[in-house]
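Spelled out, the chains give:
2 protein chains.
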Amino acid sequence: MPLEFKILKTDSKTSARIGKVVTEHGEFSTPVFMPVATKGAVKTLEPVELKEISTEIILSNTYHMFLRPGIEIIERFGGLHNFMRWDGPILTDSGGYQIFSQKDLCKISDKGVKFKSYIDGTEYFLTPENIIQIQETYGSDIIMPLDFPASYPSTSTQTEESTKITLDWLKRSINCHPLKGALFAITQGGFETTAREHFIYELNNLDLSKIYGFAIGGMSLNEPKEITWKIVETTCNLITKDKPRYLMGVGTPQDIVKAVSLGIDMFDCILPTRLGRNSWAFTNQGVVKLKNSVYKNDDSPVDPECGCSVCKTYSRAYIRHLFNIEEILPLKLLSYHNIYFYHNLIKRIRESISRGTFETDFLKKQIEFDVKLT
Amino acid sequence: MPLEFKILKTDSKTSARIGKVVTEHGEFSTPVFMPVATKGAVKTLEPVELKEISTEIILSNTYHMFLRPGIEIIERFGGLHNFMRWDGPILTDSGGYQIFSQKDLCKISDKGVKFKSYIDGTEYFLTPENIIQIQETYGSDIIMPLDFPASYPSTSTQTEESTKITLDWLKRSINCHPLKGALFAITQGGFETTAREHFIYELNNLDLSKIYGFAIGGMSLNEPKEITWKIVETTCNLITKDKPRYLMGVGTPQDIVKAVSLGIDMFDCILPTRLGRNSWAFTNQGVVKLKNSVYKNDDSPVDPECGCSVCKTYSRAYIRHLFNIEEILPLKLLSYHNIYFYHNLIKRIRESISRGTFETDFLKKQIEFDVKLT
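Taken in order, these protein sequences are the chains called A and B.
With numbering that gives the first Met the number 0 applied, the first sequence has no gaps in its numbers, which climb one by one up to 373 at the end.
With numbering that gives the first Met the number 0 applied, the second sequence has no gaps in its numbers, which climb one by one up to 373 at the end.
Bound conformation, chain A alone (with noise of 0.2 Å):
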């Protein structure tokens, strides 16, 4: 078994559950929430420094990582883990996504997806099983078969052709067990209940015991919030309870505490990193952005509440200071201190599950957020 999954609590007044995970590099609770190593690194930040802020899990990428720095390098070191210094989980995501959101470079046919690489336009063709095959070459913990998400807003025929192609790939994903690594299906449906229950109905008839979790997927395209949240609850309902959720690309702290209440165990989102290099910071007051000359002369934390150690050295005036300057520095400590929150939010949330006060705790408040992009 290379992933072995049992939930340790079911909220009584919502669908939110804790648990635990286990796999071949350890062990993680959820839910969890994994920081993202797209390219190999959690940008600004060493795996040791991951470690000091709890993170259990991160996530990579099979596309990005196949074209740079290409499958015969990390095959060298012995995989991911080796190559990375990450001894911890590691969940790699296909690319999927990635390849088809660059349309005028990809072209799918009956047997796999064709395209030209975005750095230097060599041409590849990759099938589901190559796919499948990378993810076993670095080792990853959780395997994420190649999908193909519709784009909102959606045709019904793209969402139809959205729907048969990720179902064909994910039937020949699963045709590539026994596997190391733990094979997840992500499913799609577009933005359609309908096509959605349709998916998980055709999903549900295929041999679970090869499946080890359940992603939904083609989320966060800038839909509207009550479409994301109609189909979230939707698949959690249909989809068997025993195995971990995994809402994908998912989101602020608002999203994680809606999500898990619908019984979602897993997210991942460079939120926290990508606002960090941007001088927002995640606080329990709200989010501020310290690059603003209010903050020039703050000598408070980023988060008085916060305990990372950022917020127990640096002051708001310093970090605005090296933002001004353009220093480099400022990107890391943010980075840092944002995911520390993510962490430290979501081990506030499954405390509260425990406890039995998720829904006071978390739901019947307003958590602040208001991100504008500047």
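Possibly wrong hints are sitting among the right ones.
The list treats identical chains as one, so a pair stands whether inside a single copy or across any two.
Stated by the list, open to error - DSSO-like cross-link-like pairs, simulated, lysine-lysine; straight-line CA separation at most 30 Å: (1) K363 <-> K240; (2) K179 <-> K311; (3) K311 <-> K50; (4) K290 <-> K115; (5) K50 <-> K290; (6) K115 <-> K295; (7) K42 <-> K295; (8) K311 <-> K42.
Hints were generated in silico from the structure; no laboratory data involved.
These figures come from a predicted structure and were not determined experimentally.
The hints should help you fit chain B onto chain A, whose structure is shown.
Structure of chain B alone, referenced to chain A:
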């Protein structure tokens, strides 16, 4: 006494010596290498990381910190140490070199220098007395007076002007006594030994009890190395032995070895951080440029003989990959390693002077250093 200096041993075959400097913010051994935090941060590195690699004293720049964040903010924080969260000794350069290198933006008068901010054009007027007061406000452990270096090559008129103005300003700086920080004298005099001798003759007639160390300024301005060493030798022979000597802005590992042999105790240089950010790594086998594709499969550490945590953790291939994808992390990794390399070199120099083997260990060996910045 804001600064005490004790020579622990003088080399019998060269002018090298080892010593200890005590300041209000702690002590450091000499020879010493001071990482450069021009604008209030050693680029990419946190104070805690500098401590890890045995940094004992850092250098900052009065002029740059005067422009940003400005004195008021640093004063509000009770000085630079608390603002930056570095609790060890700080030497602040005056910024004379930086002000006068922007010739179009500054104008010298008897009283001081009028200059325009390179950031927003704001006009400022600073005197030698202001520069001292600002460093007192910063809480600098070692204070550098405003100086006026000659550029290379220099006419005899320019050399005379540099000598005259720097001497005049030095006298006015001495008159600011008593100071909380330890005032150093910066020796100038262009690139002619006679002008340098004249400067030191005048200097030696001043009240040396108010001067805690001597800096050699105006070097490393593209003059031939023979000129540099001739001036360093002349200067060291003419100034009193019982105070630390600081060769400003120098240099490569070979430069440091040579300068130590001539009696220099203190160094600062941007090379380890600037080269690091450009993927160059110092190693005991010479300098390597890790971005080069020759390292793409190299599973050895940056420097197999190095004990720093970067070398104990990562491969050349991984760091090369990070540079290749334009990640931010490797800028820090190589800055960290390169400063460690410099500290380690200086430590080995100190040990060899202590053993009495400095000449055989270092001077008679060729140290590899072939950086062609590309």
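Verification of the hints:
In this assembly of identical chains, the alpha carbons of K363 and K240 lie at most 30 Å apart only when taken from the same copy (25 Å versus 73 Å across copies). Taking the closest pair of Cα atoms, K179 and K311 come within 30 Å of each other only across two copies (29 Å); inside a single copy the shortest separation is 42 Å, beyond that limit. Proximity of K311 to K50 under the C-alpha cut-off of 30 Å is found in both arrangements, the shortest distances being 17 Å within a copy and 17 Å between copies. In this assembly of identical chains, K290 and K115 lie within 30 Å of each other by CA distance solely across copies; the values are 24 Å between and 38 Å within a copy.
Within a single copy, K50 and K290 get their C-alpha atoms as close as 28 Å, and across copies as close as 27 Å, so both meet the 30 Å cut-off. Taking the shortest alpha-carbon separations for K115 and K295, only the inter-copy value of 22 Å comes in at or below 30 Å, while the best intra-copy value is 46 Å. For the homomeric pair K42 and K295, the shortest alpha-carbon distances inside one copy (26 Å) and between copies (20 Å) are both at most 30 Å. For the identical chains of this complex, K311 and K42 are neighbours both inside a copy (22 Å) and across copies (21 Å), given an alpha-carbon limit of 30 Å.
This entry satisfies every hint, going by the numbered hints stated previously.
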